[in-house]
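*Asks:* Place chains B, C and D on chain A using the hints.
Residue numbers (my numbering), protein chains in the order written: chain A, 1 to 267; chain B, 1 to 267; chain C, 1 to 267; chain D, 1 to 267.
None of these hints come from the bench; they were simulated from the model.
One or more of the hints may lead you astray.
No copy labels: a pair is met if it fits in one copy or bridges any two.
Claimed, not checked - Here are the simulated DSS-like pairs of lysine-lysine, each with C-alpha atoms no more than 30 Å apart in a straight line:
(1) Lys4 - Lys36
(2) Lys96 - Lys36
(3) Lys96 - Lys250
(4) Lys250 - Lys17
(5) Lys250 - Lys128
(6) Lys250 - Lys21
Residues per chain are reported as follows:
4 protein chains.
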Amino acid sequence: MDRKIRVTIWDEFRHEKTNEKAKALYPDGMHACIGKYLEQFPEIEVRLAALDDPDQGLPDEVLQNTDVLIWWGHMAHGEVNDALVTKIQRRVYMGKMGFIALHSAHHSKPFRAIVGTMGNLTWGREQKEIMWNLLPTHPIAEGIPQSFYIPEEELYAEPFFIPQPSELIFGGWYEDGYIFRSGMTFIRDAGRIFYFQPGHETCPSYHNPHVLRIIKNAVLWTAPSAPGYEYRDHCPHVVDNLAERIAAGKAKGNMVDPVFAEIGYGK
Amino acid sequence: MDRKIRVTIWDEFRHEKTNEKAKALYPDGMHACIGKYLEQFPEIEVRLAALDDPDQGLPDEVLQNTDVLIWWGHMAHGEVNDALVTKIQRRVYMGKMGFIALHSAHHSKPFRAIVGTMGNLTWGREQKEIMWNLLPTHPIAEGIPQSFYIPEEELYAEPFFIPQPSELIFGGWYEDGYIFRSGMTFIRDAGRIFYFQPGHETCPSYHNPHVLRIIKNAVLWTAPSAPGYEYRDHCPHVVDNLAERIAAGKAKGNMVDPVFAEIGYGK
Amino acid sequence: MDRKIRVTIWDEFRHEKTNEKAKALYPDGMHACIGKYLEQFPEIEVRLAALDDPDQGLPDEVLQNTDVLIWWGHMAHGEVNDALVTKIQRRVYMGKMGFIALHSAHHSKPFRAIVGTMGNLTWGREQKEIMWNLLPTHPIAEGIPQSFYIPEEELYAEPFFIPQPSELIFGGWYEDGYIFRSGMTFIRDAGRIFYFQPGHETCPSYHNPHVLRIIKNAVLWTAPSAPGYEYRDHCPHVVDNLAERIAAGKAKGNMVDPVFAEIGYGK
Amino acid sequence: MDRKIRVTIWDEFRHEKTNEKAKALYPDGMHACIGKYLEQFPEIEVRLAALDDPDQGLPDEVLQNTDVLIWWGHMAHGEVNDALVTKIQRRVYMGKMGFIALHSAHHSKPFRAIVGTMGNLTWGREQKEIMWNLLPTHPIAEGIPQSFYIPEEELYAEPFFIPQPSELIFGGWYEDGYIFRSGMTFIRDAGRIFYFQPGHETCPSYHNPHVLRIIKNAVLWTAPSAPGYEYRDHCPHVVDNLAERIAAGKAKGNMVDPVFAEIGYGK
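Looking at chain A on its own, in the form it has when it is part of the complex (with noise of 0.2 Å):
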């Protein structure tokens, strides 16, 4: 990408309104601790928006001027606009943009939307966990030790019944006896996601530098490269006789595109 990375980071915002450790945790919400890190890269540029903004925080001039969308939700996933979900799965789809799913956001209706997934897990206390590393050389897992410790998390326990990720990069141990596979990415149509675990929102997870680094990495991982040609959204008819109009010179050039055919064939 040649400009800036354009992210808008979406939180529901009402926990570190209500609760008075989240608040203490993230006086301005979680998307404001997080923005703040990734703006220090001069190749990312920062927006937050949050459920009780004007058009739930998503206007379509910000929505169609986002590379990548982060989401954090939890108790008010039933209030988000059904049409809003559809523009931003589609947008996904499109290649136009890449999404990350934090924490409870398993749940949300654009993860379940995007991935196609119930998205259910089980869960209990607050507790220890030890992050692994378990694909190393994945750009997402960029500078991140073989293991590293989060003093308190929400559990996250398997069964996590979501399809077989393409790519399974972080798994968590918990002192009370369970795993979760915790950091994984999706692709859909020419969309990039990737779910993570950490961020309950009394927990310090998004004061972790691990952590922090790890959302960072996937910022760069999901936003759209620069394709070599778009998917669309529709379904265009073709031409006719394709393979006998090449043979016959008729398709200047070695270059096809159908859809364009009429045009001319190439450069």
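*Replies:* Relative to the frame of chain A, chains B, C and D by itself:
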């Protein structure tokens, strides 16, 4: 499965009433043609459903007694009820029902919702197709030769904008110079999905014995197997201190299910 | 498969002769312990083989009559004959034999050659493990609860340097703070492979009913199904002008197999 | 990568000395033709190697300074030294070198050993091919149109007996009625592999700008990225009681690497 596999074949069933060629090929509908073939097999039980039936052919008592849903739709995708699509999607995700999308169902609401895709492709006039068998050892390819000939099919061409399939089983060669990924599987949560390209309403493909055999194979493959443990439709809380309890002998037996843990951990 | 599945259980079978604890747990070898369990099932036929048997336990007439090969090796990986490894690898690739690698077989020559991996991991002292069932609807998880307890197993820990598996079915939690991808499938050409972690020679894991059930399930899953079309051990030349011949009626029927094309194209 | 990507193009380089048509098309070898194109790019450094060079063109000092190895072989696969194949395979698995197999290298020793496949396919006479771009947003498809024309290529046809690729990017349509999965990626341990079908020795495909561009894109994609943590060539023992040590403050910082744990757990 100890009992018969209960297959419901859902057909939009409109072309066959209005288009002369379709009517001649499939006087009782494409679903009836496929159903007549499938009901020969003692392990399969067939039910037909159509868009214009009450409850769009799929009232709850039908859906809840369907093990495999076969779907053919084209011109009326938009009429299918969203609430019905959600019910279908969740039944598939829970592993209670397999889903087979035929031909233009690549663009149907249930296929797109279940797989997580826009399902866009390019298309063209009816022509000769040779179907190639890329994965001859797959159960869905059982009894299918290395290739077979379809004298007349609507062109479906790449790029087909779908997620990378779980397994690519069939690929189509077309006279005019195009290719297509014609038969492929997807797995979403506990659900198994098969997409298969042949079946334009004015082509006799559902009279082709190889096409029919592939559909039957796909019924057997997508049908739910008896699971060791059911997928859930919620996120339960687990038992605290699981490892400690087991070590202290508070978990009887060596089998533990945290969800039902208080009742006793095994048999 | 119409006949019994012929399982050969190959064991290095040296620890059980020299280590007192191993000898006490498995007086006739680990292979005999697993074999005794498997031979209860009428659909399975068991044969035992060991490194110090003639032809390293796998003369051609044994290998060619084996449908599923189970492999346990550890201290003598280097002694296994390279020519034998190549024979095993090709039989698996051709779809004639499934392969199950147990415990330290992650570093065995056949596992590494078949999967294409170095198979490196980290390891530690024997300790408590809780095995989690990540994919409860998979046939290999049939009859297995959501989790089960292994009171004593050698620690195998991430990172496990393997290719992304086809399906990750089991994951292990360990007392000391580690996790491991414990049960997973790979598919290579027409061959199905299962890796399963439990089974250190001084631990009673092959007396654990869940471990044994998983091995039995894996036998059924890796066993070759009746293929529609056999994988080949060479690269045949095809028929020229196939499409033209078919269109000209020179290919009888609508079934064509270019390899045997001159003999006649179908039924 | 901060420095240039060091590409070694290995060519069997025999057809071009003995076959008149090959000699005319590639007087200095196919490797030289590809190399001339690649060396235009400032980020790439090219070295040529051939089977009949000393040490089969790949002495240790060359191999250890190669970031991406491109391989073209055909009639002399059997002559390639097994020890060299093992060195190549391990360098790829360790994530130190990408591997690109061209055309008949589907049957080469390194491709088969690295991917874990027999690599068998069917083939036929030289003919017209149309190459389709199935995954236009993949970095290897950057700058490539929806399809392009190859006026003359040796037929490679399905079934291609390989494991399911990580991503299928290109597919070929052939005049005679055949199709082929022509461009695809595999990942094995930390190594990235790309197979690409065009390049029969008597066809001008390595003068085709799209073919060349795809090879260049594949160089960038398969080249090792800077890993956060290196793959190892052994299985180290871990630290006992890791979770307890961390909780007791015996692990400084919140970053732990059990392998180097005694030295100190972070920065």
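*Asks:* Take the hints in turn and mark each one as holding or not.
*Replies:* Tested hints:
{"no.": "1", "hint": "Lys4 - Lys36", "verdict": "within (16 Å within a copy, 34 Å between copies)"}
{"no.": "2", "hint": "Lys96 - Lys36", "verdict": "within (24 Å within a copy, 35 Å between copies)"}
{"no.": "3", "hint": "Lys96 - Lys250", "verdict": "neither (34 Å within a copy, 47 Å between copies)"}
{"no.": "4", "hint": "Lys250 - Lys17", "verdict": "neither (67 Å within a copy, 37 Å between copies)"}
{"no.": "5", "hint": "Lys250 - Lys128", "verdict": "between (68 Å within a copy, 15 Å between copies)"}
{"no.": "6", "hint": "Lys250 - Lys21", "verdict": "between (71 Å within a copy, 28 Å between copies)"}
Violated hints, in rising order: 3 and 4; the structure is consistent with all others.
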